[in-house]
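Trainee: Here are the chains, one letter per residue:
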Amino acid sequence: MRYSSVDNFTVQELMAVFLARQLRDGDHLQVGVALPVPEAAVRLAHIMHGPNMELIFLGARMNVHQLEQLPLPEFGWDNRVVRWAESYSDRGHRFDQVKDWYRRVFFIGGVQVDRFGNTNLIGIGNDHQRLDFRGPGSVGTATLTTHVGRYYIVLNNHTPRLLVEKCDFISAFGWGDGGADARKRLGIPGGGPQLCITPLCVMDFAEDTKCMRLISVHPGVTVDDVKGATGFPLEVSDKLTTTKIPSLEELTILRGRVDPSGSLRS
Amino acid sequence: MERQSVLSTEDEVGNWIENGMTIAIGEPAPMGMVRHIIRNQISGLTVIGSGIALDFLIAGGCVSKVISYYAGGGFGVPVAPSFRHAAQTGELEVWECEEGVLTSGLEATAKGLPFLPWRGGVGTSLPEVNKDLRVMEDPINGEILLAVPAIHVDVALLHASKADVFGNVQHQGGPGWIDLFLRRAANRVAVQVEKIISNEEVRSDAWATTISNADAVIRAPYGAHPFYSRGHYTQDKKHLKLYVDAATLAVTGEQAYIEEYFRRHVYEATSHIMYLEEIGITRLLSLHEY
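In order, the protein sequence lines correspond to chains B and R. Quick note on the working numbering: the first sequence kicks off at 1 and runs consecutively. Quick note on the working numbering: the second sequence kicks off at 1 and runs consecutively.
Think of the hints as simulated: they come from the structure by calculation, not from any bench. No experiment lies behind these values; they were computed from the predicted model shown. For every residue, glycine included, the Cβ atom is placed at its ideal position computed from N, Cα and C. Among the hints, a few may not be true.
[Stated by the list, open to error] For lysine-lysine, the following DSS-like pairs were computed, each having C-alpha atoms within a straight-line distance of at most 27 Å:
| no. | chain 1 | residue 1 | chain 2 | residue 2 |
| --- | --- | --- | --- | --- |
| 1 | R | LYS238 | R | LYS131 |
| 2 | B | LYS184 | R | LYS131 |
| 3 | R | LYS111 | R | LYS65 |
| 4 | R | LYS131 | R | LYS195 |
| 5 | R | LYS111 | B | LYS99 |
| 6 | B | LYS184 | B | LYS99 |
| 7 | B | LYS166 | R | LYS131 |
| 8 | R | LYS111 | R | LYS131 |
| 9 | B | LYS184 | B | LYS166 |
[Unchecked claim] Just a sample of chain B residues kept apart from chain R, beta carbon distances all over 10 Å, derived:
| no. | residue |
| --- | --- |
| 10 | GLY59 |
| 11 | PRO219 |
| 12 | PHE232 |
| 13 | GLU249 |
| 14 | GLY262 |
Just chain R, same shape as in the assembly (with noise of 0.2 Å):
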């Protein structure tokens, strides 16, 4: 018998995903696996993300709820347009948290606890516009703090710098955002990477494995674009202001933009690869940190 390789593909990841389900999407953005959500009609799903990456997954209509503590905008918008708009029209039901409200109802699915207290929040009206937050009494002191649920995630499908085909995972220049929570608090994970790397290379420097035994890697170099992927690249600003200026002209009844976005990037370009054929090597490569 042979260790199994957890290699994967976007089709084989995206067969995990199931209209109705929790996923998140960690930072930076696994936008290769956002567009095959897309492509695939994927809807009802219930998201933890944040910004443009989230608001694109709601313009592709794959989105009933969001799990949301930050959805600005940015080129030109202070809050994201599709989120925007379908937040306030009542289309997307808002499970309002706050970052440390978020990782203390990850970190209890994590840990296999009902709830996790927290004190941030306290006072705000946190609980009033979500009431699976509870406002409790500590039973040691009686300090007045937030019981916060587990939050429970079926699919984290997150971004990375490499990894080998055994799903030992390296991030450079750090670990984004909360994906470490997220990959705690996920079922089933599955992270695209920049490179595949021998396992070798795993070995020679295994305190730089952020995740381990990740369930799926997926090969995907520039599949965080239009975002950043640290070590690698930069925002694509000219795309995101594309793509923010299509959305914010659809919520205003101006559909034409956005479906030609999506035309171009998600539907025609079948696969990751073509998509980046779409962009073109002039621009992925003047996209450098340095």
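Just chain B, same shape as in the assembly (with noise of 0.2 Å):
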């Protein structure tokens, strides 16, 4: 199920805003391609609360609270967007520092997520030779969500083909088997995915079983419509709310001086 707005911003719009409350002045927030509402939260919040975060964009590190506006990049790979930076570096030499990564923030997408948080961009299919589904490769994910202090799992799309019981392959390990102790059984040092958003709305991992449990629903969209639209049964918290809705600062930053152009109103 797909909605194209709630009322007057769109759902794109509503994850971006409920995504840049979830971060933290200081937050170091890296950002990846092809994730559109994660690109608008990080300048959001950078503008909104976050004047001591730093945005890490293609090894550009930059902080650009004091810009009028934090325009999104027109396409991923933009090699304009290092007009900002501070510092670059290329990917490996990042890869040097990963003890120090307890500060970063990422966000990732998959072409499935299990009900424990793993994510598969690898494909779909049973032969790794021949898949049905060829996807586009892990990219640095698997380090990535390894290391970083917290990550959030951010999907265009709300589907059961998407969010599966079981990942055909994992690229990058979430809560395993489930289990508070998952990551520690392995010496996998990183937080863990924390949030999965998507356009019907928010999921948290139980503190105990670590499986996906919903925590709020979107304006508009049912309990009902939530379970339908997953492949596994999902859990519902006792504490299940609303999507609170943008405020109309919020609104009015992120179409001024994030995203003028209009990328999640399309």
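Got two chains here, each in a separate frame; can you build the complex from them with the hints?
Mentor: Laid out in structure tokens, this is it:
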């Protein structure tokens, strides 16, 4: 199921505003390609409440809090993004200091996501050398999700084919087979996936089982809508709420200073 | 005796590359050399590369194995079309990896080691779908790690901003991607540059030298087209869309557009300069950064 708008803001804008509220001043926010919602969210948070945040795109590390506009690059690999950089490093060098990544926050999508927040960018099928659908590949997600302090799964769709019981392949380890110590057992240091944000809802991971759990539905969406669009039995939090809509200030800054071209409204 | 210049031509560097070799394609993409390889019908290559630049070589019939961490598409398709098709039909062997895994394997080669350990990928399917990656117990603390074998590279092809004729290369706006890892791992490295500069200019800012002792430098203004070259020009989105659309049609059985694309831009444009003439000065000069 896909909603193009909720009242007079789009669901992508709602997701970006929700995500921006999860980000804290001082976070180092690393955003990869093809993730329009996190791209907007980190800029919005940087303006709203994050003067000490660092934004990292394509190896370009920047603090652009003072700028009037933080426009989204026209496309993922726009080399002009480095115009705002205070420093720049290739990805390999950035992987040399993973011990300090507890301050770093990352965002990830996938062609499949399972109930324990493991994600798959490899592809769908049984035979790895003859996949039914070949995905783009892991990029740097295995390393990033291993080491960053926390990360968010952000999806452009919410379907039973995307949110599955078990990924055909895991390219980034979330909470494995579940359990609060799932990462610790394998010596994986990072804080793991915190939330999964989709066009329908927000889910967290239950403290003890690390099973995905519905915590808020977007305005106009029912719990049954979400359950019907999810490929595994979804737990529902007893604190279930409706996702808080953007404030006028958030929407004004998002549209005027972050996304003037309206990429989240198309 | 005089110090030897390494200023080279596409043809000279092309002669290094033999069927079945392992080559690495840097970022910005050395497209002059990529087109040269396709034009010369080199085949059976193992390619370390990414995205649409990698896709060109696959569509051109040059590749039998890919050392792959990312082959995204863009321009309307999430996955590079020729890569996706060849991987799904089994025509292409995929050595599945990830950026941290790949750089570990390249660094192992550079350091003369059989492998390097890496933590990213522990708990994932990577060691299941790529049997060369081994899950190991570290001998110091008993932690679970991946052992990434040394990845050997015959030739690294890179594109940069400028170099002198002695192989001192300087990137404007930083070296791209993992180019320095590729350089360190490769037996030979050839670097296309936007501009050849004097040795005096190199020495005036020695800290800016990112690669020294390149085995060849090739004068190739706009040599990364249709991709970007940092400090010089942006991606040519119209041209990339042309390629992606043609390659997407080709994998559904409609070959005419990709054949026409390669005929105009690769086979009949028999040098980089002829390619630039085919693209045209109006289009090239419209790609300025600012």
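Trainee: Now look at each hint and say whether the structure bears it out.
Mentor: Each hint, compared with the structure:
1. Straight-line distance between C-alpha atoms of LYS238 (chain R) and LYS131 (chain R) comes to about 40 Å, which puts the hinted pair past the 27 Å bound.
2. For a cut-off of 27 Å, the pair hint linking LYS184 (chain B) to LYS131 (chain R) stands: about 25 Å separates their Cα positions.
3. Taking the CA atoms of LYS111 (chain R) and LYS65 (chain R), the gap is about 24 Å. The hint holds against a cut of 27 Å.
4. Only pairs whose Cα atoms come within 27 Å are accepted, and LYS131 (chain R) paired with LYS195 (chain R) is rejected, the gap being roughly 43 Å.
5. At most 27 Å may separate the alpha-carbon atoms for a hinted pair to count; LYS111 (chain R) and LYS99 (chain B) meet this at roughly 22 Å.
6. The suggested pairing of LYS184 (chain B) with LYS99 (chain B) holds, with an alpha-carbon distance near 16 Å, which does not exceed 27 Å.
7. With a C-alpha separation of about 22 Å, the suggested pair LYS166 (chain B) and LYS131 (chain R) falls inside the 27 Å cut-off, and the hint holds.
8. Restraint check for LYS111 (chain R) and LYS131 (chain R): the C-alpha separation of about 22 Å stays at or below 27 Å, so the hint holds.
9. For the given pair, LYS184 (chain B) sits about 21 Å from LYS166 (chain B) by alpha-carbon distance, which is consistent with the 27 Å threshold.
10. Against the 10 Å criterion, GLY59 (chain B) falls within the reach of chain R, whose nearest CB is about 7 Å from its own CB.
11. For PRO219 (chain B), the non-interface assignment is confirmed: its Cβ lies about 29 Å from the closest Cβ of chain R, beyond the 10 Å cut-off.
12. The Cβ of PHE232 (chain B) lies farther than 10 Å from every Cβ of chain R, with a closest approach of about 19 Å, so its non-interface assignment holds.
13. Every Cβ of chain R is farther than 10 Å from the Cβ of GLU249 (chain B); the closest lies at roughly 32 Å, confirming the non-interface assignment.
14. Every C-beta of chain R lies more than 10 Å from that of GLY262 (chain B), the closest at about 18 Å, which supports listing it as non-interface.
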